[in-house]
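Student: Chains as they are written, first to last, in the numbering used here: chain A, 2 to 670; chain B, 2 to 670.
By construction, these hints were calculated from the structure, which means they are not laboratory data.
Computed from a predicted structure; not experimentally measured.
Yeah, the Cβ is synthetic: ideal placement off N, Cα and C, and Gly gets one too.
Please note that the accuracy of each hint is not assured.
Where chain B lies over chain A, by a calculated footprint (3+ residues, C-beta under 8 Å) [said to hold, decoys possible]:
no.: 1; region: 97-105
no.: 2; region: 403-411
no.: 3; region: 599-607
Cut-off 27 Å, straight-line C-alpha distance, at most; resulting in silico cross-link-like pairs (BS3-like, lysine-lysine) [as the list claims (entries may be wrong)]:
no.: 4; chain 1: B; residue 1: Lys-259; chain 2: B; residue 2: Lys-340
no.: 5; chain 1: B; residue 1: Lys-554; chain 2: A; residue 2: Lys-282
no.: 6; chain 1: B; residue 1: Lys-547; chain 2: A; residue 2: Lys-563
no.: 7; chain 1: A; residue 1: Lys-282; chain 2: B; residue 2: Lys-563
no.: 8; chain 1: A; residue 1: Lys-141; chain 2: B; residue 2: Lys-625
no.: 9; chain 1: A; residue 1: Lys-141; chain 2: B; residue 2: Lys-141
no.: 10; chain 1: B; residue 1: Lys-466; chain 2: B; residue 2: Lys-554
no.: 11; chain 1: A; residue 1: Lys-141; chain 2: A; residue 2: Lys-259
no.: 12; chain 1: B; residue 1: Lys-485; chain 2: A; residue 2: Lys-547
no.: 13; chain 1: B; residue 1: Lys-523; chain 2: A; residue 2: Lys-141
no.: 14; chain 1: B; residue 1: Lys-414; chain 2: B; residue 2: Lys-282
no.: 15; chain 1: A; residue 1: Lys-448; chain 2: A; residue 2: Lys-466
no.: 16; chain 1: B; residue 1: Lys-198; chain 2: B; residue 2: Lys-282
no.: 17; chain 1: A; residue 1: Lys-444; chain 2: A; residue 2: Lys-485
no.: 18; chain 1: A; residue 1: Lys-327; chain 2: A; residue 2: Lys-448
no.: 19; chain 1: B; residue 1: Lys-327; chain 2: B; residue 2: Lys-340
no.: 20; chain 1: A; residue 1: Lys-523; chain 2: B; residue 2: Lys-141
no.: 21; chain 1: A; residue 1: Lys-523; chain 2: B; residue 2: Lys-327
no.: 22; chain 1: A; residue 1: Lys-547; chain 2: A; residue 2: Lys-625
no.: 23; chain 1: A; residue 1: Lys-141; chain 2: A; residue 2: Lys-120
no.: 24; chain 1: B; residue 1: Lys-327; chain 2: A; residue 2: Lys-625
no.: 25; chain 1: A; residue 1: Lys-554; chain 2: B; residue 2: Lys-282
no.: 26; chain 1: B; residue 1: Lys-340; chain 2: B; residue 2: Lys-485
no.: 27; chain 1: B; residue 1: Lys-560; chain 2: A; residue 2: Lys-625
no.: 28; chain 1: B; residue 1: Lys-67; chain 2: B; residue 2: Lys-340
no.: 29; chain 1: A; residue 1: Lys-448; chain 2: A; residue 2: Lys-523
no.: 30; chain 1: B; residue 1: Lys-282; chain 2: B; residue 2: Lys-466
no.: 31; chain 1: B; residue 1: Lys-485; chain 2: B; residue 2: Lys-560
no.: 32; chain 1: A; residue 1: Lys-282; chain 2: B; residue 2: Lys-547
Number of protein chains: 2
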Amino acid sequence: MPTLQVPGTPRCVHDKHHASTASPCSDYPILHNMSPPASTKVDLLIVGAGPAGLALANWFRGTNIKVLIVDKKPGPTPRGQAEGLKSTTNEIFDSYGIGPQVTAESWRLEEIACWGTRKDGGEGIVREQVIPDRVAELGKPRETMLQQSRVEHHMLHNILSHDNIEIRYSTAPISVDVDTSCVHEADTFPVSVSLEKVTTNTNTTNGDTTNGTNCHATNGHHINGQNGHQPNEHDAPSDMISAKYIVGCDGARSWLRKQLDVSLEGDLTDSVFGVVDLVPKSNFPDIRRVCYLRAASGTILLVPRSNKEVRMYIPVESGTALPDPKDLTFDRVMDAARKIIAPYTMEVGSVSWWSAYRVRQRVGNHFSRLNERAFLVGDAVHTHSPKAGQGMNTSIQDAYNLGWKLRLTLRGKVRSSGARQDLLRTYESERRPVALDLIAFDKGFLKLFAAPSAQFDTEILQALKFTTGLSIRYPPSCAVQLPKGIEQLGPSLLKADLVPGKRLPDFRVVYQADGVPTWMHKRLSATGQFRVMIFAGDISDSTASKRLHDVGKYLGESKSLKHVVMPQSEQEPLVEVLVVHCAERDLVDLLALPEVYRPWSDESGYDFWRVFADVESVHDGHGKAYERLEIDRQVGCTVVVRPDGYIGAVLEVDDVEGVERYFEGMNVS
Amino acid sequence: MPTLQVPGTPRCVHDKHHASTASPCSDYPILHNMSPPASTKVDLLIVGAGPAGLALANWFRGTNIKVLIVDKKPGPTPRGQAEGLKSTTNEIFDSYGIGPQVTAESWRLEEIACWGTRKDGGEGIVREQVIPDRVAELGKPRETMLQQSRVEHHMLHNILSHDNIEIRYSTAPISVDVDTSCVHEADTFPVSVSLEKVTTNTNTTNGDTTNGTNCHATNGHHINGQNGHQPNEHDAPSDMISAKYIVGCDGARSWLRKQLDVSLEGDLTDSVFGVVDLVPKSNFPDIRRVCYLRAASGTILLVPRSNKEVRMYIPVESGTALPDPKDLTFDRVMDAARKIIAPYTMEVGSVSWWSAYRVRQRVGNHFSRLNERAFLVGDAVHTHSPKAGQGMNTSIQDAYNLGWKLRLTLRGKVRSSGARQDLLRTYESERRPVALDLIAFDKGFLKLFAAPSAQFDTEILQALKFTTGLSIRYPPSCAVQLPKGIEQLGPSLLKADLVPGKRLPDFRVVYQADGVPTWMHKRLSATGQFRVMIFAGDISDSTASKRLHDVGKYLGESKSLKHVVMPQSEQEPLVEVLVVHCAERDLVDLLALPEVYRPWSDESGYDFWRVFADVESVHDGHGKAYERLEIDRQVGCTVVVRPDGYIGAVLEVDDVEGVERYFEGMNVS
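Extracted from the complex, chain A is given alone in its bound form (with noise of 0.2 Å):
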């Protein structure tokens, strides 16, 4: 008979290739009148099924790694704040396969209207300027909108049919431990958690102190990614569980922060505003563009939402006598808002939320603890104004980064106990750094709204390219590997943004098989997969065309590098290898290239999608993807991209052996 699970006395747990006959967890069903329920035993527990847990759980669609997601919300979010979506962000849910719908739904941010007091003398806000939303180096629209349910229930329905990932909602878990003593091996389970069913009372869901119309679960909707139906006493679920790894992904409250002892740094700062989604009744003729008033007695942010809305960050009585968010009524945020629209009217249609919030801005001193057995994400371990959109962004993105993390480590492909810690480590040295920076820019952002400045729009369009990643470079680590003999992270060593630890810059180029265009971020969806990628030049030459065909014979056939690049059974190899070339696609026969560039399998043919041509599309026009990365077309190089989309190392085109050394260096087979 298996013996219970107690909370606070941490045992450790061996799945079933180690497990003893005296394992105290049993694969087997018990029948629940004989006995308490064993611990059921997950790969992966996540707390908190919001962007940042969802995310995370997306990246284990397709594999066998069990996952359990757990939130006390009784189900998906009916409504949540956050809207923005940075094209970095979209880049991942491309990569997730739910980009259409994604896109589809969201509205474009095009412009920027700064209004400001009359040069005159005069009263009211004139405008003074429009922006084009347009960052040159993206090359592509910088920020959409969809409001967070909908953002929440893409990525949702995503996971649902995959049999490995349940998601229990009204569920908490009210204790934890974890056995330190069995941390360094691999198939363990040293994290104990248990869990309680919550009885939701529908007008808390939402943790934040909004005094305002809040819309809630009308609904206490249960999904189980295992059966699909809502659980009954007999097949009820256990709630004693064991499992390898925790994720706390749940919220600024978090409360696996507080069981790991994680404190937040930072502090409150003096700005006060009142937050406002309305309908509005407005002669307001940039009603629709995203704003900037700035008038003498602060700066709104107007932010143009779906369904009609409008949001408005409205400053109340900043300087002075700041008041108490909760003292704040609605009123007096319209007031204060109308006082700066003036001559405009602001009259108040309909009012789906509002609130009134002192801005913290607050980093966790940890992302990960326990030997990298328990890791928080998102909200839960930074806070800061919502005005740059980056809470849903960045909550979405530390997900993204973690999660690959997480899936090669689950899925044995790192051979050693020290390469996985190295690895999952990285998750904390890489960001914790943008939580950090974040709260830097925030600051000064938050100054951009207390007095107007003189470069407002010079600082708006660098603020733009902050918010959505594009100085994002991770340290060096395993992941992130420098060129041999260099030590140091140097952006003059090599060209533009095609640097080790830097998101691959996105680019255009046509697949060679069919001329059809595409995106490159889009063609990296997330199965973990890392790419070599062979930026091989104009392979017409024919100098070009013999080294890209060594390199290709070298992948195919290098003792350490074979078994990934091209497994013998028909399972997804480890790294993908894509060649990008520059020369006119008739002169390139892609059958006469190496087999590692188009495998070829019995149960679906060739694989004619991995390699591209840097050329004119037939309707698309020229990505011109070699001048955009600054790549020589005769030298060529070779990049090794994360399954995450960020660069692992660049190498000279014929480098085979910084290949090898890269993955050597993450010890992954």
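Starting from the known structure of chain A, arrange chain B on it as the hints suggest.
Tutor: Below, chain B without anything else, positioned relative to chain A:
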């Protein structure tokens, strides 16, 4: 006690508004153990749930029109043969709101490779040229590939949530009677149909005489839009149907066509083809391009499909010894293919379907019957060679043409019986000539395959335009009105393709309110609304501005139009007034325009999305709409666009009487 509708004893059933107590049909449930069920009343009975039937049904989303679709198949098509989607068909999907899903799954066709015999007299074929598959008039990809079952899937899922539309699979009509005595009265149900359950032999779901591998439905899945569950004994739907209208979308062997005594006119050709869908193992370099492989023994058309498949249309011993398609074996077809494709190899990975056929080129002598109470759509009234990819496209377009006319009629928007019939008659007068043109085209197209032509590339490009539907022009009628005083169609009288009877050429503009770019057809959702599209010119100029104001005020106050353009209630107007100007956006104040251009609703705020500017967009360049449509920026014009995106009238910009005349001609309210 209601009496039974007996097949062969037609009787006129009136609906609730006209029902006497002696009405043979009751709206109230009857206990099934007391008597045989009474007939079920529906507004529209659609026979066949293929592309045509589903496209037709999509017109009735969001209405209270009761639609019943029956199909003898046990469930959705698991695999249809069609795959190509013309851009004009994709515009229909856009209008149905499923464009993004369809596009996301589709594969674009970018280019066409022409191969021919060697000029030097050597053996085997060589690539002669690659023609970009680009039609300048379209400005967007001309054709995409998505297999029929997925196309049907998206159309089906788009109607499932609408309670007014029901689908019954495994159900076939066995008799139909139309009471001609009341076909002129509105709100009568002259069509009586008796249905029966079909016990499906899963080996005969495909009605074609194919002799190859077929995929079949594996489950007898029932979809019932009204209650979503499989009917059981106690809530079995009645098998007697009384309908206002019946439409046969039941394919080449149409049951309804036979009942209506419609005959197909035309011939079997002397061309015998094998058609094969396979995963090729071939070293032919253009296997992912559309290819015409022209050898002495005939021309193969090779089309890449999804899932690494290609389709080949292979001529088999054309000329003297014409084989019977039934005698052809797969090996014989493949041998013919290999002979043409030599010196390249063509081995078979796997075959998902193959068939052999002789082309029939026939058109029905009627498209509607019985005072426009019964209609035939798609393959039911025209068959032709599948090579031009016209089957699924023309079927969907037929249905799209008919659907809005039935919708208007069934919603009671057409005031007189005569006007209703005039409108419904335009289905035949508009679509039958299209089918006849298609057959004429098909004859020439087939010749291209029989004998190599010197002008092959020119003819192919001409064919591309034709098959995309760009030459379709509907004749004058109540729905296509020529300018006053002009009775003959004459392109020379009017500019470019902006002429009555043609599809509104698609163009890209940006929304005045927010700068977001859109293609116009994406904006023209299939709501059944007409659009009065005012190309107002440069309204930063005071003359043009005043003109636009005057037109807007007139339309909003006109006795005959006011209630259709600005209904009192919250209901959607039957006519949406749109403005496309070419002024700089910042010189235009949207909210200062007359209300008809930006109406207010207490429920949902301003409608900001009726005014467009032909200007440079922030991310997508300049759509140059005025230039493409050849509209003079000083003069402008006003276009009445029908609910199906075809042009009803082209008028002078301020010809408000012309607008009144159009809707008086249609007799709608």
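Student: Each hint: holds or not?
Tutor: These are the hints, each one checked on the structure:
no.: 1; hint: 97-105; verdict: holds (count 5)
no.: 2; hint: 403-411; verdict: violated (count 0)
no.: 3; hint: 599-607; verdict: holds (count 5)
no.: 4; hint: B/Lys-259 to B/Lys-340; verdict: violated, 42 Å
no.: 5; hint: B/Lys-554 to A/Lys-282; verdict: holds, 21 Å
no.: 6; hint: B/Lys-547 to A/Lys-563; verdict: violated, 74 Å
no.: 7; hint: A/Lys-282 to B/Lys-563; verdict: holds, 24 Å
no.: 8; hint: A/Lys-141 to B/Lys-625; verdict: holds, 20 Å
no.: 9; hint: A/Lys-141 to B/Lys-141; verdict: holds, 18 Å
no.: 10; hint: B/Lys-466 to B/Lys-554; verdict: violated, 41 Å
no.: 11; hint: A/Lys-141 to A/Lys-259; verdict: violated, 41 Å
no.: 12; hint: B/Lys-485 to A/Lys-547; verdict: violated, 71 Å
no.: 13; hint: B/Lys-523 to A/Lys-141; verdict: holds, 20 Å
no.: 14; hint: B/Lys-414 to B/Lys-282; verdict: violated, 58 Å
no.: 15; hint: A/Lys-448 to A/Lys-466; verdict: holds, 18 Å
no.: 16; hint: B/Lys-198 to B/Lys-282; verdict: violated, 44 Å
no.: 17; hint: A/Lys-444 to A/Lys-485; verdict: violated, 38 Å
no.: 18; hint: A/Lys-327 to A/Lys-448; verdict: holds, 23 Å
no.: 19; hint: B/Lys-327 to B/Lys-340; verdict: holds, 21 Å
no.: 20; hint: A/Lys-523 to B/Lys-141; verdict: holds, 20 Å
no.: 21; hint: A/Lys-523 to B/Lys-327; verdict: violated, 45 Å
no.: 22; hint: A/Lys-547 to A/Lys-625; verdict: holds, 24 Å
no.: 23; hint: A/Lys-141 to A/Lys-120; verdict: violated, 35 Å
no.: 24; hint: B/Lys-327 to A/Lys-625; verdict: violated, 53 Å
no.: 25; hint: A/Lys-554 to B/Lys-282; verdict: holds, 21 Å
no.: 26; hint: B/Lys-340 to B/Lys-485; verdict: violated, 61 Å
no.: 27; hint: B/Lys-560 to A/Lys-625; verdict: violated, 57 Å
no.: 28; hint: B/Lys-67 to B/Lys-340; verdict: violated, 55 Å
no.: 29; hint: A/Lys-448 to A/Lys-523; verdict: violated, 37 Å
no.: 30; hint: B/Lys-282 to B/Lys-466; verdict: violated, 33 Å
no.: 31; hint: B/Lys-485 to B/Lys-560; verdict: holds, 21 Å
no.: 32; hint: A/Lys-282 to B/Lys-547; verdict: holds, 25 Å
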